[in-house]
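Based on these hints, arrange chain B on the given structure of chain A.
Protein chains: 2
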Amino acid sequence: MLILKHLPVASFSENIAYINRNCSAYKADDINALVKIEIHGGVRTIYAFLQIVDDDTVVAPNQLALNNEAFEQINLPEGAKVSISVSPTPPSINSIARKIAGNILTSGEYSAIVNDIVSKRYSNLDIASFLVASGSFMSAPEVLSLTEAMVGDKLIHWDNENIVVDCHCLGGVPGNKTDIIVTAIVAAYGLPMPKTASYSLTSCAGVADTFSVLAHVDVDEKELLRLVTENRGAIVSYNNLDICPASKLIAQVERQIGITQHEHIAASILAIKMAAGITHLLIDIPVGPKSRIKSTNEAMRLRKLMEYVGDMLSMEIDVVITDGSEPIGFGVGAAFEARDVIKVLKNAEDAPQDLREKSLFLAGRVLEFDPKMRGGQGYLVAKEILESGRALETLNNIIKAQGKASQPKIGKFTRDICANTSGVVESIDNARINKIGVLAGAGQYAGAGIDLFKKVGDTVEQGEPLYRIYACNSTDFAFANSIVDAYTGYEITDDSVESQDEP
Amino acid sequence: MLILKHLPVASFSENIAYINRNCSAYKADDINALVKIEIHGGVRTIYAFLQIVDDDTVVAPNQLALNNEAFEQINLPEGAKVSISVSPTPPSINSIARKIAGNILTSGEYSAIVNDIVSKRYSNLDIASFLVASGSFMSAPEVLSLTEAMVGDKLIHWDNENIVVDCHCLGGVPGNKTDIIVTAIVAAYGLPMPKTASYSLTSCAGVADTFSVLAHVDVDEKELLRLVTENRGAIVSYNNLDICPASKLIAQVERQIGITQHEHIAASILAIKMAAGITHLLIDIPVGPKSRIKSTNEAMRLRKLMEYVGDMLSMEIDVVITDGSEPIGFGVGAAFEARDVIKVLKNAEDAPQDLREKSLFLAGRVLEFDPKMRGGQGYLVAKEILESGRALETLNNIIKAQGKASQPKIGKFTRDICANTSGVVESIDNARINKIGVLAGAGQYAGAGIDLFKKVGDTVEQGEPLYRIYACNSTDFAFANSIVDAYTGYEITDDSVESQDEP
Numbered sequence: 112m113l114i115l116k117h118l119p120v121a122s123f124s125e126n127i128a129y130i131n132r133n134c135s136a137y138k139a140d141d142i143n144a145l146v147k148i149e150i151h152g153g154v155r156t157i158y159a160f161l162q163i164v165d166d167d168t169v170v171a172p173n174q175l176a177l178n179n180e181a182f183e184q185i186n187l188p189e190g191a192k193v194s195i196s197v198s199p200t201p202p203s204i205n206s207i208a209r210k211i212a213g214n215i216l217t218s219g220e221y222s223a224i225v226n227d228i229v230s231k232r233y234s235n236l237d238i239a240s241f242l243v244a245s246g247s248f249m250s251a252p253e254v255l256s257l258t259e260a261m262v263g264d265k266l267i268h269w270d271n272e273n274i275v276v277d278c279h280c281l282g283g284v285p286g287n288k289t290d291i292i293v294t295a296i297v298a299a300y301g302l303p304m305p306k307t308a309s310y311s312l313t314s315c316a317g318v319a320d321t322f323s324v325l326a327h328v329d330v331d332e333k334e335l336l337r338l339v340t341e342n343r344g345a346i347v348s349y350n351n352l353d354i355c356p357a358s359k360l361i362a363q364v365e366r367q368i369g370i371t372q373h374e375h376i377a378a379s380i381l382a383i384k385m386a387a388g389i390t391h392l393l394i395d396i397p398v399g400p401k402s403r404i405k406s407t408n409e410a411m412r413l414r415k416l417m418e419y420v421g422d423m424l425s426m427e428i429d430v431v432i433t434d435g436s437e438p439i440g441f442g443v444g445a446a447f448e449a450r451d452v453i454k455v456l457k458n459a460e461d462a463p464q465d466l467r468e469k470s471l472f473l474a475g476r477v478l479e480f481d482p483k484m485r486g487g488q489g490y491l492v493a494k495e496i497l498e499s500g501r502a503l504e505t506l507n508n509i510i511k512a513q514g515k516a517s518q519p520k521i522g523k524f525t526r527d528i529c530a531n532t533s534g535v536v537e538s539i540d541n542a543r544i545n546k547i548g549v550l551a552g553a554g555q556y557a558g559a560g561i562d563l564f565k566k567v568g569d570t571v572e573q574g575e576p577l578y579r580i581y582a583c584n585s586t587d588f589a590f591a592n593s594i595v596d597a598y599t600g601y602e603i604t605d606d607s608v609e610s611q612d613e614p
Numbered sequence: 112m113l114i115l116k117h118l119p120v121a122s123f124s125e126n127i128a129y130i131n132r133n134c135s136a137y138k139a140d141d142i143n144a145l146v147k148i149e150i151h152g153g154v155r156t157i158y159a160f161l162q163i164v165d166d167d168t169v170v171a172p173n174q175l176a177l178n179n180e181a182f183e184q185i186n187l188p189e190g191a192k193v194s195i196s197v198s199p200t201p202p203s204i205n206s207i208a209r210k211i212a213g214n215i216l217t218s219g220e221y222s223a224i225v226n227d228i229v230s231k232r233y234s235n236l237d238i239a240s241f242l243v244a245s246g247s248f249m250s251a252p253e254v255l256s257l258t259e260a261m262v263g264d265k266l267i268h269w270d271n272e273n274i275v276v277d278c279h280c281l282g283g284v285p286g287n288k289t290d291i292i293v294t295a296i297v298a299a300y301g302l303p304m305p306k307t308a309s310y311s312l313t314s315c316a317g318v319a320d321t322f323s324v325l326a327h328v329d330v331d332e333k334e335l336l337r338l339v340t341e342n343r344g345a346i347v348s349y350n351n352l353d354i355c356p357a358s359k360l361i362a363q364v365e366r367q368i369g370i371t372q373h374e375h376i377a378a379s380i381l382a383i384k385m386a387a388g389i390t391h392l393l394i395d396i397p398v399g400p401k402s403r404i405k406s407t408n409e410a411m412r413l414r415k416l417m418e419y420v421g422d423m424l425s426m427e428i429d430v431v432i433t434d435g436s437e438p439i440g441f442g443v444g445a446a447f448e449a450r451d452v453i454k455v456l457k458n459a460e461d462a463p464q465d466l467r468e469k470s471l472f473l474a475g476r477v478l479e480f481d482p483k484m485r486g487g488q489g490y491l492v493a494k495e496i497l498e499s500g501r502a503l504e505t506l507n508n509i510i511k512a513q514g515k516a517s518q519p520k521i522g523k524f525t526r527d528i529c530a531n532t533s534g535v536v537e538s539i540d541n542a543r544i545n546k547i548g549v550l551a552g553a554g555q556y557a558g559a560g561i562d563l564f565k566k567v568g569d570t571v572e573q574g575e576p577l578y579r580i581y582a583c584n585s586t587d588f589a590f591a592n593s594i595v596d597a598y599t600g601y602e603i604t605d606d607s608v609e610s611q612d613e614p
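So the protein sequences, as listed, match chains A and B. Using the working numbering, count along the first sequence one by one with no gaps and you end on 614. Using the working numbering, count along the second sequence one by one with no gaps and you end on 614.
With the rest of the complex left out, here is chain A:
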């Protein structure tokens, strides 16, 4: 028996167990021995990956230390007695080898893989292997199998509703916070919309980050049911809901390996929405050369795939393909995006028109899920709701019900990035703007990010600011500065040069 210790290390969702090289219960003379162990304590068994420690103060020979993730999962106090044993390789690992060899896996195999992921029998390496192996080719029925497996046991039930709507934007476009405006309009109209939002993984702000600037988003299922009953709408973090655990674990690994396949995106989105009890889902696929989806053909394939899976799961899916060629609105980063959202809802004169128009378009599509809505009228109804101020009023009610958040501190470290030539903004590189923003701390600090002063088609003078970077500390500020000079993300067509070329 070993004595349990909590070593407070955060390791990106993986369970890690630390034992001393001279461990009294297990001889770890050779690091090449056992890697994956089962830890038995109390009523539950958890799985963890072993690291060997040579420092008795970190973990003594009679101790077993667990990192944050594992300690939370085992749910025992420090000092508890635990034993360890060898963890057999889960048989579903063989399915990964079968997938690498080009086979179509059965729904039983996907189910076994997802179960092993959720019970932490897979290491992050195993999850990465599965993602890459299945990423190179999955048939549509396989994506369906994966989706069904990922939905899991816990479903949110909306007993009194015939239709429960949501809207999901695929991302890759900075500043694209249409979902909050859409929720406000749709809830004001009266369709129930429990928007389950994500925090940023690789972007400057997820919808959960942006709405966190305005209200609390970490609520449980019971609270979500109450909020939607009360206001017809809510915008909450899906991470805090006890649904779809596989998708959370998979997303962590996808982020680390930086590789995301369409098949997994489709399965993950649809599984989360199924588990959240959504009956009618609008999916927005922005297409742009520097967006996540780069061509219309690619978007079309993804559309068909999601439609197929949705049909098989009896979920009504409407997929729209939109322009993702440049950032939407002016703000990039939670606080700046929240500001844009409020401006649109307030019908402010300086509200970003692209954000307003796209939100109306999407809200109109969601409204048309209502059987009572006449075809083609959604946009006009959405516009009326926005212009009348009812959308703003509804959002204020939602914010009040979820609990108003305190104002975030806007980054003190700022720098204006200026045009090095006069001309017209030809293009803005989404991926670059996102990267500069992330390095400046966006996604981590609500007050960090980028404020765009110029959009595509705007004329600029040499030396005029294109955008301003905001960082909350000097380290992040230095990170952003270290890459921005090499390439600002803006392409400016130099008119003067062109006129010289034409005599």
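In case anyone wonders, no lab produced these hints; they're calculated from the structure. There may be inaccurate statements among the hints.
[Unchecked claim] Quick list of in silico lysine-lysine cross-link-like pairs, DSSO-like style, CA-CA up to 30 Å:
#: 1; chain 1: B; residue 1: K359; chain 2: A; residue 2: K231
#: 2; chain 1: B; residue 1: K566; chain 2: B; residue 2: K520
#: 3; chain 1: A; residue 1: K523; chain 2: B; residue 2: K192
#: 4; chain 1: B; residue 1: K511; chain 2: B; residue 2: K401
#: 5; chain 1: A; residue 1: K457; chain 2: A; residue 2: K523
#: 6; chain 1: A; residue 1: K566; chain 2: A; residue 2: K454
#: 7; chain 1: A; residue 1: K401; chain 2: B; residue 2: K116
#: 8; chain 1: B; residue 1: K511; chain 2: A; residue 2: K231
#: 9; chain 1: B; residue 1: K457; chain 2: B; residue 2: K265
#: 10; chain 1: B; residue 1: K523; chain 2: A; residue 2: K231
#: 11; chain 1: B; residue 1: K494; chain 2: B; residue 2: K523
#: 12; chain 1: A; residue 1: K401; chain 2: A; residue 2: K359
#: 13; chain 1: B; residue 1: K515; chain 2: B; residue 2: K457
#: 14; chain 1: A; residue 1: K359; chain 2: B; residue 2: K231
#: 15; chain 1: A; residue 1: K116; chain 2: B; residue 2: K401
#: 16; chain 1: B; residue 1: K523; chain 2: A; residue 2: K192
Just chain B now, with coordinates in the frame of chain A:
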């Protein structure tokens, strides 16, 4: 600036950096922030993966702690001042996405990937992604590109030799320690054979483990050159030689994900042998239903692939496909296999004949690399060398030159596994025997393993011992016992039942 600390944690070849959540130089409020960092100190920059710690005694806010791997690589004393910065994603990661999408990668791309692996710009997750992505399909020219990239800069030169031979067995068959006997015979004949051997990764004993029972195997390049000059042969650990670093890093990850593709096996073996300066290489592919290579067709494809790569690298390759249907010899595990080897070399009456015959066959093939050898005479020459005692004498010289090892302790915890029926041994499951041995501690302790009393074709009485398990401590003994009863790995045809069936 942060103050360097060594946190003695062994993490399977990955560099890990630990910072305090309240780190004075970098605000790590959110674990979703930066993952991969560059650490600058002295003249060198290393890459590491960040974990966030909440315990000031493990890492204080003004410290940066590095695990064993990273601390060794940065090569600075504790207390040194270091700074950190964001590490850009290596561009070669894009090639992994291209590979997932089914593209043929260029040799430049393989070179970039291998360079990034060696410089630790890849996490183990990235390496796993690469292995799985390339594992599903690699053209023969791609395997060549990968091999060339893996060879690396450091080559061992054998200036005074025209022919330098080696023999590599693909493994998957317990007890297959032919290489040591082959080396003894070939060196006795006079061909230079610097056998670069591996420690066990997933088996009960690598050749390096087994020979460690007899002599020291961790020598450097200079020593290896001296040993082979002196005795024409040496058996050393390739891990200790400063060659082919990519293959070591890749092997660690392969072991953890439990997935090995033929293309990677081919590239890794040939790269190591190229770097070791081998000109003529014999490769033994044992085929068996429970061996690593399961069918003759599979073996044939691997043979052609290795022949192609060998030809392009101007290395002479002879591939033989052998019987891998059951364990070879009686001993499984370093001490037991070493005993078998010595019995064969001593021409002992109770020497395992299968090990002897296979060793003679392989040695004969290696000898035929010698242009002076008449075709077909290799086996007879090998047999004469073995029977005359010259092979034993040469091995004793090699052991003396490398330094005799101290006798290992044979496991005190033993259990005989007995036949539950009378009959004839129909088959022995290599994978099962290997697994039981590994759980008993083989691969980790030289004195742990399995001693087989019965081989395929032997008759057994009910209750008669089939094999004996040896473990060096109670934990390992319990691990092995926990699985052996469910399935011993032996299939016994019950003759009495058959005779009842035939009236």
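(request) For the pair supplied as a hint, K116 (chain A) and K401 (chain B), confirm whether the alpha-carbon distance does not exceed 30 Å. (result) Status violated; Cα separation ~41 Å.
(message) Between the alpha carbons of K457 (chain A) and K523 (chain A), is the straight-line distance 30 Å or under?
(response) 27 Å, holds
(message) Does K231 (chain B) sit within 30 Å of K359 (chain A), going by the straight-line distance between their CA atoms?
(response) 27 Å, holds
(message) Against the 30 Å threshold, does the CA-CA distance of K523 (chain B) and K231 (chain A) hold or violate the hint?
(response) 35 Å, violated
(request) Below or equal to 30 Å on CA atoms is what counts here, so check K566 (chain A) against K454 (chain A). (result) 18 Å, holds
(request) With a cut-off of 30 Å on the C-alpha distance, tell me whether K494 (chain B) and K523 (chain B) pass. (result) Roughly 37 Å separates the two Cα atoms, so the pair is violated.
(request) Measure nothing beyond the straight line between the CA atoms of K523 (chain B) and K192 (chain A); if it is 30 Å or shorter, mark the hint as holding. (result) Holds. K523 (chain B) to K192 (chain A) sits at ~27 Å (cutoff 30 Å).
(message) Does K265 (chain B) sit within 30 Å of K457 (chain B), going by the straight-line distance between their CA atoms?
(response) With a Cα-Cα distance of about 38 Å, the restraint between K457 (chain B) and K265 (chain B) is violated, given a limit of 30 Å.
(request) Assess, step by step, whether the Cα of K401 (chain A) is no farther than 30 Å from the Cα of K116 (chain B), and give holds or violated. (result) 41 Å, violated
(request) Assess, step by step, whether the Cα of K566 (chain B) is no farther than 30 Å from the Cα of K520 (chain B), and give holds or violated. (result) 26 Å, holds
(request) Measure nothing beyond the straight line between the CA atoms of K511 (chain B) and K231 (chain A); if it is 30 Å or shorter, mark the hint as holding. (result) 49 Å, violated
(request) Would you mind confirming whether the straight-line C-alpha gap from K523 (chain A) to K192 (chain B) stays at or under 30 Å? (result) Between K523 (chain A) and K192 (chain B) the Cα gap is close to 28 Å, so the pair holds against 30 Å.
Violation of the numbered hints given earlier is confined to hints 4, 7, 8, 9, 10, 11, 15; the remaining hints are satisfied by the structure.
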